[in-house]
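The residues making up each chain are set out below.
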Amino acid sequence: MTTQTLPAQTPTTTGVVELSTVSRWYGNVVAVNDITMSLHPGVTGLLGPNGAGKTTVLHMMAGFLSPSRGTVTIDGKPTWRNPAVYRDLGLVTERESVHGFLTARQFVTACAKMQKLPDPAGAAQRALELVEMTAAAERRIETFSKGMRQRTRVAAALVHEPRVLLLDEPFNGMDPRQRMHMMELLHRLGDNGHTILFSSHILEEVEQVAGLVQVIVAGRLAASGDYRKIRRLMTNRPHVFAVRSSDDRRLAVALIAEKSVAGIEIEPNGLAVRASDYGSFTRALPRIALDQGIRLRQVVPSDESLESVFSYLLEG
Amino acid sequence: MSTVAFITARGLFGRRRALLLLPLPVLLIGLALICRAYGVSPDMWGQAVIVGLGLVVVLPVVALIVGTGVLGSEVDDGTIVHILTKPLPRYEIILAKYAVAASVTAVVSAVPLFVTGALAGSIKLGGALAVAAVVGAFAYSALFLLFSLLSRRPVLVGLVYILVWEGLLGNFVSGTKNLAIGQYVITIADKIAPTEILQSTIGLTTAVVMSAIFIVAGTLAAINRLSSFSVAGETS
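Respectively, the protein sequence lines represent chains A and B. All residue numbers for the first sequence refer to numbering that gives the first Met the number 0, where the first residue is 0 and numbers rise by one. All residue numbers for the second sequence refer to numbering that gives the first Met the number 0, where the first residue is 0 and numbers rise by one.
By construction, these hints were calculated from the structure, which means they are not laboratory data. Only a predicted model underlies this, so the values are computations on that prediction, with no experimental measurement involved. Wrong hints could be hidden among the right ones.
[What the hints assert, rightly or not] Listed next, with one range per pair, are the computed distances between beta-carbon atoms:
{"hint": "1", "chain 1": "A", "residue 1": "Asn191", "chain 2": "B", "residue 2": "Ser150", "range": "39 to 45 angstroms"}
{"hint": "2", "chain 1": "A", "residue 1": "Glu203", "chain 2": "B", "residue 2": "Arg151", "range": "34 to 40 angstroms"}
{"hint": "3", "chain 1": "B", "residue 1": "Ser150", "chain 2": "A", "residue 2": "Gly99", "range": "56 to 62 angstroms"}
{"hint": "4", "chain 1": "B", "residue 1": "Ala17", "chain 2": "A", "residue 2": "Pro300", "range": "20 to 26 angstroms"}
{"hint": "5", "chain 1": "B", "residue 1": "Arg151", "chain 2": "A", "residue 2": "Arg282", "range": "42 to 48 angstroms"}
{"hint": "6", "chain 1": "A", "residue 1": "Met179", "chain 2": "B", "residue 2": "Ala17", "range": "55 to 61 angstroms"}
{"hint": "7", "chain 1": "A", "residue 1": "Asn27", "chain 2": "B", "residue 2": "Leu162", "range": "49 to 55 angstroms"}
{"hint": "8", "chain 1": "A", "residue 1": "Arg243", "chain 2": "B", "residue 2": "Ser150", "range": "52 to 58 angstroms"}
{"hint": "9", "chain 1": "B", "residue 1": "Asn170", "chain 2": "A", "residue 2": "Thr20", "range": "39 to 45 angstroms"}
{"hint": "10", "chain 1": "A", "residue 1": "Asn27", "chain 2": "B", "residue 2": "Phe171", "range": "38 to 44 angstroms"}
{"hint": "11", "chain 1": "B", "residue 1": "Leu162", "chain 2": "A", "residue 2": "Asp74", "range": "47 to 53 angstroms"}
{"hint": "12", "chain 1": "B", "residue 1": "Pro86", "chain 2": "A", "residue 2": "Ser144", "range": "36 to 42 angstroms"}
Built from N, CA and C at the ideal position, the CB exists for glycine as well.
Could you put the whole structure together from the sequences, leaning on the hints where they help?
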């Protein structure tokens with residue numbers, strides 16, 4: 000049997016992983032609401048605030064949850080109640096539970112055996128080399144640092160060279176060096192034609208690794224596509240600033256003439272300025288204050304939280 | 000040995016709770032030895048030690064510790080995911096875990112019961128108790144393995160079964176006798192080696208057939224349950 004290299008990522012209409020109008024609810028709570036997405040070879044980031052439903056989506060892809068409605072397929076085969084999909088699928092969960100009493104090599108080899116690979120020892124060696132864990136392979140996993148554990152789990156998920164690799168918050172709790180290493184690894188796997196999806200609630204993480212981003216907010220697919228486009232949407236969004244100055248009323252009059260200002264409210268302890276464009280407003284404000292001879296005492300973006308960024312995307 | 004069975008066995012004996020398996024069998028043999036050493040007639044202590052401690056406590060509790068240890072603790076700490084993300088038919092996973100649970104329980108309970116029976120009566124009584132304990136080990140293990148998949152607190156559910164269902168209701172509601180593994184064990188041992196110590200309340204056929212039903216139905220239900228095993232998300 001020869002392994003063929005995948006043809007240079009020809010965009011196909013059907014992805015390797017397909018979610019079609021997928022919803023999942025727990026009792027009255029809707030965790031995932033009508034999501035349709037397809038994943039293709041390469042690295043895709045699944046971005047969203049905590050509690051948005053990222054883990055639920057990943058678990059449905061990995062066959063650990065049945066969709067309440069819709070279908071989840073890998074290569075056209077449903078993932079729920081179908082253990083055969085694990086031949087083509089690797090999963091790295093957020094929970095870093097491992098059989099700590101095994102050494103890294105024992106653990107990865109056991110995974111290779113359970114995959115019924117013809118040469119479990121060789122496959123384990125290759126997987127450990129890939130994540131650069133050969134030096135510590137004979138140590139028990141419970142003695143490992145968080146990053147080493149994570150790499151061992153990635154090795155275990157990759158030992159059968161699956162076409163699809165799903166990772167839930169793989170960078171959580173990693174130090175910068177480990178993070179960089181993991182990012183390189185995902186890059187390499189994506190370039191080799193694997194279909195990689197990893198979840199994160201941090202935009203910077205996603206844009207360093209993934210060309211494509213799926214943004215989930217409150218169980219819905221809020222945005223999907225190239226990360227640069229999504230990045231632009233985020234910086235050009237309307238924004239509310241709490242501004243305090245030496246003369247709030249005069250500043251309000253001066254600001255209302257500014258193009259990037261959509262509205263101003265005078266409040267007991269300052270101004271609430273609604274800017275239509277984050278970038279132009281933050282450049283214009285100091286200039287206007289200087290011109291008017293007004294001293295700015297406080298400029299606070301009042302909705303800087305990631306959640307508000309995401310909810311803006313959702314509305315847009 | 001399958002890889003699943005290997006990991007299961009390593010996990011079972013690697014955890015501290017494996018030490019819980021030691022005191023009960025030791026206590027059982029110890030009590031019997033003390034009674035023998037002081038020349039107390041087996042009529043005085045046989046029933047209390049063999050039935051009251053051995054069959055009512057040691058066998059089901061050992062089965063509970065082991066039966067929930069092979070699967071329940073993996074579900075609990077999330078390591079089950081590493082086994083579930085493999086293209087293994089679910090019956091292979093359940094049967095491997097069941098084989099480990101039942102055989103460990105059988106050895107840990109049948110050996111001390113054999114010794115205690117031999118000290119209290121005869122080798123024949125010891126043998127009868129050992130055979131009955133093996134049957135009981137397989138029936139209890141199937142039940143507790145299933146509990147591990149039905150509840151997030153399998154140990155609690157198992158204790159309720161042992162204490163309330165078998166212990167309390169079994170004494171007052173006669174119908175529950177036919178649905179209590181403890182009664183099958185006593186009956187099987189009694190029919191093999193009839194003594195004053197054991198008093199069976201149901202027929203041998205019922206005991207054997209019902210044990211088989213518990214084993215088969217419990218295992219099938221566990222396989223079915225594992226096939227649609229859902230992993231709850233932590234953040235959502």
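Verification of the hints:
1. A:Asn191 / B:Ser150: 39 to 45 angstroms: For asparagine 191 (chain A) and serine 150 (chain B) the Cβ distance comes to about 43 angstroms; the hint holds.
2. A:Glu203 / B:Arg151: 34 to 40 angstroms: Because 37 angstroms falls inside the window, the suggested range holds.
3. B:Ser150 / A:Gly99: 56 to 62 angstroms: violated (25 angstroms)
4. B:Ala17 / A:Pro300: 20 to 26 angstroms: The hinted range 20 to 26 angstroms is violated for alanine 17 (chain B) and proline 300 (chain A), with Cβ atoms some 56 angstroms apart.
5. B:Arg151 / A:Arg282: 42 to 48 angstroms: Since the Cβ atoms of arginine 151 (chain B) and arginine 282 (chain A) sit about 55 angstroms apart, the hinted range of 42 to 48 angstroms is violated.
6. A:Met179 / B:Ala17: 55 to 61 angstroms: violated (41 angstroms)
7. A:Asn27 / B:Leu162: 49 to 55 angstroms: Violated, since asparagine 27 (chain A) and leucine 162 (chain B) (Cβ atoms, about 36 angstroms apart) do not stay within the stated range.
8. A:Arg243 / B:Ser150: 52 to 58 angstroms: Cβ of arginine 243 (chain A) to Cβ of serine 150 (chain B): about 57 angstroms, so the range 52 to 58 angstroms holds.
9. B:Asn170 / A:Thr20: 39 to 45 angstroms: violated (56 angstroms)
10. A:Asn27 / B:Phe171: 38 to 44 angstroms: holds (41 angstroms)
11. B:Leu162 / A:Asp74: 47 to 53 angstroms: Hint holds: Cβ distance 50 angstroms, inside 47 to 53 angstroms.
12. B:Pro86 / A:Ser144: 36 to 42 angstroms: Cβ of proline 86 (chain B) to Cβ of serine 144 (chain A): about 31 angstroms, so the range 36 to 42 angstroms is violated.
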